[in-house]
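Asker: Order-wise, the sequence lines are chains A and B. Letter by letter, the first sequence follows residues 1 to 323 in this note's numbering. Letter by letter, the second sequence follows residues 1 to 427 in this note's numbering.
Because the hints were derived from the structure by calculation, they are not lab data. This one's a predicted model, so the numbers in the text were calculated from it and none came from an experiment. Ideal placement from N, C-alpha and C gives every residue a C-beta, glycine not left out. Incorrect hints may appear among the rest.
Stated by the list, open to error - Non-contacting residues of chain B with respect to chain A, defined by C-beta distances greater than 12 angstroms in every case (computed):
id: 1; residue: Gly2
id: 2; residue: Arg6
id: 3; residue: Leu33
id: 4; residue: Asp144
id: 5; residue: Tyr154
id: 6; residue: Asp189
id: 7; residue: Ala192
id: 8; residue: Gln245
id: 9; residue: Gln293
id: 10; residue: Thr320
id: 11; residue: Glu321
id: 12; residue: Gln349
id: 13; residue: Met403
id: 14; residue: Glu406
id: 15; residue: Arg419
Unchecked claim - Okay, the calculated bits of chain B under chain A, using three or more residues with CB under 8 angstroms as the criterion:
id: 16; region: 48 to 59
id: 17; region: 377 to 387
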Amino acid sequence: MNLQLTDEGRLRHFLTIEGLDRPMLTRILDTAESFVGVGERVVKKVPLLRGKTIANLFFEPSTRTRSTFELAAKRLSADLLNLSVSASATRKGESLMDTLRNLEAMQCEMFVVRHDASGAAHYIASHVAPHVSVINAGDGRHAHPTQAMLDMFTIRRHKQHFEHLKVAIVGDLMHSRVARSQIHALSILGVPEIRVVAPRTLIPPFIENMGVHVYTRLGRGLKDVDVIIMLRLQNERMDSGLLPSQHEYFRYYGLTEERLAVADDNVIVMHPGPMNRGVEIDSDVADGPHSVILQQVTYGIAIRMAVMSMCLGNPPAVEGGEA
Amino acid sequence: MGISIRGGWVVDPANGIDEQLDIHVEDGLIVGLGPTPANFEAEREFHVDGNVVCPGLIELRASLREPGQEHKATIASESRAAVHGGITTLCCTPDTDPVVDTPAVVELIHQRAAAVGCARVEVQGALTQRLEGSRLSEMGALRDAGCIGVSNAYRVMENTEVVRRAMEYAATFGLTVLLFPEDPWLARDHAAHEGAVGTRLGLPGLAETAETITLARDLLLVEASGVRAHICGLSTARGVEMVAQARGRGLPVTADVALPNLFLTEMDLTDFNSACKVRPPLRTQRDRDALRQGVHEGTIATLCAAHQPHEPDAKQAPFTEAAPGISGLETLLALTLRLVDEGLLTLQQALARITYEPARVFGLEAGTLSPGRPADICVFDPERHWRLTRDRLWSEGHNTPFMGWEFKGEVTHTFVAGRLVYRLEEP
Chain A
1 MNLQLTDEGR
11 LRHFLTIEGL
21 DRPMLTRILD
31 TAESFVGVGE
41 RVVKKVPLLR
51 GKTIANLFFE
61 PSTRTRSTFE
71 LAAKRLSADL
81 LNLSVSASAT
91 RKGESLMDTL
101 RNLEAMQCEM
111 FVVRHDASGA
121 AHYIASHVAP
131 HVSVINAGDG
141 RHAHPTQAML
151 DMFTIRRHKQ
161 HFEHLKVAIV
171 GDLMHSRVAR
181 SQIHALSILG
191 VPEIRVVAPR
201 TLIPPFIENM
211 GVHVYTRLGR
221 GLKDVDVIIM
231 LRLQNERMDS
241 GLLPSQHEYF
251 RYYGLTEERL
261 AVADDNVIVM
271 HPGPMNRGVE
281 IDSDVADGPH
291 SVILQQVTYG
301 IAIRMAVMSM
311 CLGNPPAVEG
321 GEA
Chain B
1 MGISIRGGWV
11 VDPANGIDEQ
21 LDIHVEDGLI
31 VGLGPTPANF
41 EAEREFHVDG
51 NVVCPGLIEL
61 RASLREPGQE
71 HKATIASESR
81 AAVHGGITTL
91 CCTPDTDPVV
101 DTPAVVELIH
111 QRAAAVGCAR
121 VEVQGALTQR
131 LEGSRLSEMG
141 ALRDAGCIGV
151 SNAYRVMENT
161 EVVRRAMEYA
171 ATFGLTVLLF
181 PEDPWLARDH
191 AAHEGAVGTR
201 LGLPGLAETA
211 ETITLARDLL
221 LVEASGVRAH
231 ICGLSTARGV
241 EMVAQARGRG
251 LPVTADVALP
261 NLFLTEMDLT
271 DFNSACKVRP
281 PLRTQRDRDA
291 LRQGVHEGTI
301 ATLCAAHQPH
311 EPDAKQAPFT
321 EAAPGISGLE
331 TLLALTLRLV
341 DEGLLTLQQA
351 LARITYEPAR
361 VFGLEAGTLS
371 PGRPADICVF
381 DPERHWRLTR
391 DRLWSEGHNT
401 PFMGWEFKGE
411 VTHTFVAGRL
421 VYRLEEP
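Make a model of the complete structure from these sequences and hints.
Answerer: Put into structure tokens, the structure is as follows:
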């Protein structure tokens, strides 16, 4: 996807993991590494994006993702505009375009976009002024690249290397933008075995083409894995006839300590949040020794700082380690 | 007034004509091919040496948007676009607002088309009232008002009992039923073919079975009712196979494919290109090959543009929210000729699929150059190259994925009832 890169190969937009190469993903992870310390300082700010204006453009409700983007922008000293736009008010393309033009007129340099339509971030990126960057904060079922990168960051911090890992992604892959981005990122970073585990109703057709192995039994899917990524299950999946009940889902696909036993002894358990305890994951596991779920949230800010600074052309010198 | 079109290479698939002949026209009718008939004197002669002369093209499924959606297109704009593309008959779908379920709407469309005086506009009546799929339309009255067939456009009927009764009732009046095979439940919220590309892009997918399940139901009901049926917009390999089997069993079934489905696949969606959003969706390479094979073998005897013009805003949206449909009147001939260049069809076969065969679906007088028939004639230069640009489109709808494509074969003259309605301006 050349739309994301400048002619010089620099990141201009961050819309999807697909089409980026391993050096680029590694650079994002390395840059994030240099930002992790910022949050631990007394003054949690660096002046990298001073004078820049970033608009959080959320067409779909989200507290967690928006908060981490907001914190990331503020820690980079950018000015931030938070906009919650009702998707129904922008069903017509014209008003979406009008929204963009207005924000451009306010001299915004970056849009962080969350939208319920797959491809919305691509659409916006292909229509913005040349000086504006777009970061996809989740579009429909398509992509959530910063979430995937913070997951990669978490994995790297715990496992150091990707080349020997077995990773299982468990849950609603059909509707998950996070899973699609994770699969691309894991593949690009060299993970040799990516498994997806879910009942057939939650596995999109031809997902094998993305280089994953499909399992419908949790026990087999988790055997010897080094990383388990649980996905959030939404209640509407019961109403839409994809699952009979939460109770049955937990019985066959819920992650419990007992189920965890078949995985590698040093397995880490991840979840993009917010969790449904007792539906996809048991509290004992969510709060247990293998869980790295809260670290994911912390790292999310560093990853978003990295991507924002790279897109706006002001990444810190990674080698120095100090932003 | 008499005219003669001289020196052209006449291709009339209905009569198996493929030779250089003059055509003579009087009072809007063809009066002879070849030597000038006795007592005939042409007041005007057109010399078209080197060009192909064929029956005016027929677009089987055109959404003209009027009445009710004039912000997208009008009968006037699309009739002019039609003759620009060599089309002399537009068979318009009933999904207007109000829908074509009363003789008054049929008359309105006919009157407006007559006032424009370009292409002929034939009207498909609604199969059910307001296209709601629950109560049968007054098909007898619609036929008497001039409707050529009945369809529920793109609104699929859920109730199998209503489908059955609609077919039986249409058969009573000798009307062809046009059927769009798409299961409404499997098609809910879909945006693209359910396949590898749709999965990767996170686009809600339309399964192949959404077409084949409804097709199976409809073919069984066609068999039971004996109605003459036309399947609109086949998109899957399995669908082609099912139609071939039904025809093999002697069922009175014809089928069409929209030309974009013969040239594009799901791979063309990779950049969320909303110009490629169509219904049924672009499917796999395998499906595309099977559709082409179906066209080659004649299982799919008619090609159409499935013309659906949109205002720019309808496509200026993220893919899932963009309106489906392609504006296709002015690429109907060019894409069909491309199939000849690619060796899939002979020129005779190709022109049959956009003239004679669509005429047969509705029993129209058009689609042939037989003496005594209306002089609806298309003349095109088969060697002329041209590029599709916005300026070249006369349709109000500029929504086409073929923008920028180079084509070979350009319309030079279009005649409707012997009247010159379009002539290519030399630069």
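Asker: For this structure, which hints from the list above don't hold up?
Answerer: Violated: hints 6, 7, 10, 11, 16, 17.
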